[in-house]
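2 protein chains.
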Amino acid sequence: MACTNPKKVCIVGSGNWGSAIAKIVGNNAAQLKNLDDRVTMYVYEEIVDGKKLTEIINETHENVKYLPGHKLPPNVVAVPDVVEAAKDADILIFVVPHQFIRTLCSTLLGKIKPNAIALSLIKGFDRAEGGGIDLISHIITRHLQIPCSVLMGANLAGEVADEKFCETTIGCKDILAGPLLRDVIQTSYFRVVVVDDEDTVEVCGALKNIVACGAGFVDGLGLGDNTKAAVIRLGLMEMVKFVDVFYPGGKLSTFFESCGVADLITTCYGGRNRKVSEAFVKTGKSIKELEDEMLNGQKLQGPYTAEEVNYMLKNKGMEDKFPLFTAIHKICTGLLKPSDFIDCIRNHPEHMDTKSYDYQSSQKSYHRSSSKL
Amino acid sequence: MACTNPKKVCIVGSGNWGSAIAKIVGNNAAQLKNLDDRVTMYVYEEIVDGKKLTEIINETHENVKYLPGHKLPPNVVAVPDVVEAAKDADILIFVVPHQFIRTLCSTLLGKIKPNAIALSLIKGFDRAEGGGIDLISHIITRHLQIPCSVLMGANLAGEVADEKFCETTIGCKDILAGPLLRDVIQTSYFRVVVVDDEDTVEVCGALKNIVACGAGFVDGLGLGDNTKAAVIRLGLMEMVKFVDVFYPGGKLSTFFESCGVADLITTCYGGRNRKVSEAFVKTGKSIKELEDEMLNGQKLQGPYTAEEVNYMLKNKGMEDKFPLFTAIHKICTGLLKPSDFIDCIRNHPEHMDTKSYDYQSSQKSYHRSSSKL
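Chain order of the listed sequences is G and H.
Under this note's numbering, the first residue of the first sequence carries the number 152, and numbering increases by one thereafter.
Under this note's numbering, the first residue of the second sequence carries the number 152, and numbering increases by one thereafter.
One or more hints might be untrue.
Any copy, or any two copies together, can satisfy a pair, since identical chains are not distinguished.
[To be verified] List time: in silico BS3-like cross-link candidates among lysine-lysine, alpha-carbon distance up to 30 Å: (1) K216 <-> K433; (2) K324 <-> K222; (3) K315 <-> K433; (4) K315 <-> K488; (5) K392 <-> K158; (6) K433 <-> K324; (7) K392 <-> K203; (8) K436 <-> K262; (9) K315 <-> K392; (10) K439 <-> K222.
To be clear, the hints were calculated from the coordinates, so they are not data collected in a lab.
Just so you know, these numbers come straight off a predicted model, no measurement behind them.
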C-alpha cells in the first residue's frame, strides 16, 4: 500500500462513540500525510431544534445531540446519505448499532471502492440463523465483500472525548493495514495495540457481558471481593476455551490485551450488565422488568449473549465444559436461582488435575498428568 | 510416594492466615487416609488473659487472638516449640511474617525429616544482599535443604475462614507433590489449581502490590475506570516481562491463574496499597507518614517492592522497558509527581509496533513486523 494517494476515511455512524471517534480521526487526518484531510461521517438525519443535524454539525462542528460539549475538527463533514459518505472511502469505520448493519451493507454493496477496507467498532453480534453468534465483522465481509478488522477495548465514549488516557485493541490480519488503522485511530491518550487475532478480539467484546452478569450476581449475593475475582477469572477462562472451540487459531496472548482482560475488568466493576444483574438478585424481578425499569426498555446484552452461547454449547454437547456461562444463562431464564450460582462452579473443569500447557504457535493442548495417588 | 504411611503435616505459623489454613488442613487430615490425623501448628507462645495461647487453642480449639469466632478441628495441636512441631512432619506449611523465615529455618535445619517438603504461603519477599528480590521459597530451600512449593491467590483469611468461595494457585514442580498438596489444601469453597511454574506464582504475589499503587494513584487523580483498567493491564504486562527477564522459563498461562490476574484485580480494587496510594495523591503526605497514620506504622509492600524491583531493573539498564514500575517507584520516592504518572506510560513498549507472539513451550519472542509505511 504505497503512500502516493492519501487514504480517504468514512465513519459510518455518528452516535456517542461514532462522534468521539470522528473527533480523533479528523484530527489525525488533518496531520498525517497518508490520510486525506476530508473525513466524511454518515449521519442519520434528524431534526434538532427545527434544524437538520447534519447542518448543525457542519456549521457548528458539534454533534449537539450525541456528543454535546465537544468540538469536532472542521475537516469532518456530516453527510446524510450513506452512499454519498462512503463511495470514495478507502477506509470504512463502522460504528452503528448492530441491528442496522445488514441494511447498511446491502445499501453500500457495489457502491464502494473495491479495495476499501473496513474497521468495525461495533460491540455485540447478530443472532445467526437458527441461533448462535454471527460476528459483525463477518457479516460486513459477507455482505460488502471487503476485509473487516475490529477495534475493541476498555473504552467509554465520554472518557475518550474528554481525552482521558485509555487503551484499545485492533484485530487486523493484514500486516500493512494494521499499522495504517493504528495511525488513523491512535492519539496520545488513546493507545492502540494491533494484534492479528481478529476473531478473538471481537468475541471478547461479546462474551465479557456474560461474565459481567456473573459478577453482578456475586455483588447481589454479597459474596465478597475474592469470590468476585474467582468468578471473573473463571469467566475469562471460559472465554479462552470458547474461542479455542469455536474460533480455533486464537491466541492466549490476545486475552491479555485491552479487548480481553482490561475490558472484562471494567465491565465487571462498572457497566449495566453488572448493575442490572445485581438488581436481579436483590429485587427478584425478571430481566425484562429490569430492562424496562433501568434501561428504558433497551435489551441487556449479557443475558442475550448467554442465550446464544448456550445454543452453541448445547449443539456441541459442551454445557458441562462451560459451567459458568451455562449457570448464568439458566439463572437469567429462571431455570436456576441466583443462590445456586456458586455451587455450579465449585467443580469447574479448571479445578481438575494438574495443568501443564503446551503452546505451539496458536494451539493450546491440555496435558493432564496422572494426579491420583 | 506410596500411600502406605499417612503424611504428617505441620503448619509453621498461627496468625490470621495460618489459623484459617489450619482449619482447612485439620479437616482434610481427618478425612483423607493418606494424611495423618494429627496436624501440628507452631504457635509463637503468648499470654492471653493470663493464659498460654497454646493451651487456649488446645482446650477450646479456637485461636482467640488471631482467628476469633472460628473453631479449629480438634486434631490440630498447637505446639509452642517449632522443632517439636516440625520434627516428624512430611509436609511443612510456612505461613509466618516473612521477616522471621531465616531464623525459623536456621532453627529447623537438621531437625526435620530429610524427605520433608515445604509449602510457602508467605506473600512478599526478602531483600537480597545489596538489593533486589530474594523469593521466600528460595530462602527456605537454601536454608532448609528441602524443596519448597508456593501457594498464592486472591484469598483473604477472614473470607476463607467464613468459607466464602474463592480460588488459589499452588506452584509445584514435582508431579506427585502437586496433587498431594492440593489434597491437603482444597475444600469445596477453597479451589486449588496446581501449576508447575513455581517462581511465576510467587513473583505475582510480590509484583501485584506495585501495580496496586498505580491503581491507587489513578483513583487519587480521579482519572476514570478505563484509565485504571489500562494501568492494571500495563502493570500485568510488566509483571509478565519481569518474569521473562529475571525468572526465565515462566509461562504466560500462569498469569491467568488466581495468583495472577485474579489477585491483581482484587488488590487493585481493594487492599491497603491502593488505599494508601490514593491517599498519597489526595493528601500530599509521604508514604512514611501514611504508613504511620493508616497502617499503625507497618510497612506498605508496594513502594518497598517497587524499590527493589527498580534496583534490579537499573542493574540491567532496563528501566525504560518497565515505565510503569519505574514511574511508581519515582512517585513514591518523590522524584516525580503523581500528575506525571500517565505521561510516563503514554509510550509504553506495549504500544510499539504490531505484535505477534511465538510461544514455543515457555519461551516468548516478540516478532516486530515492519510497520512503517
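Which numbered conditions among the earlier hints are violated in the structure presented, ordered from lowest to highest? 1, 2, 5, 6, 7, 8, 10
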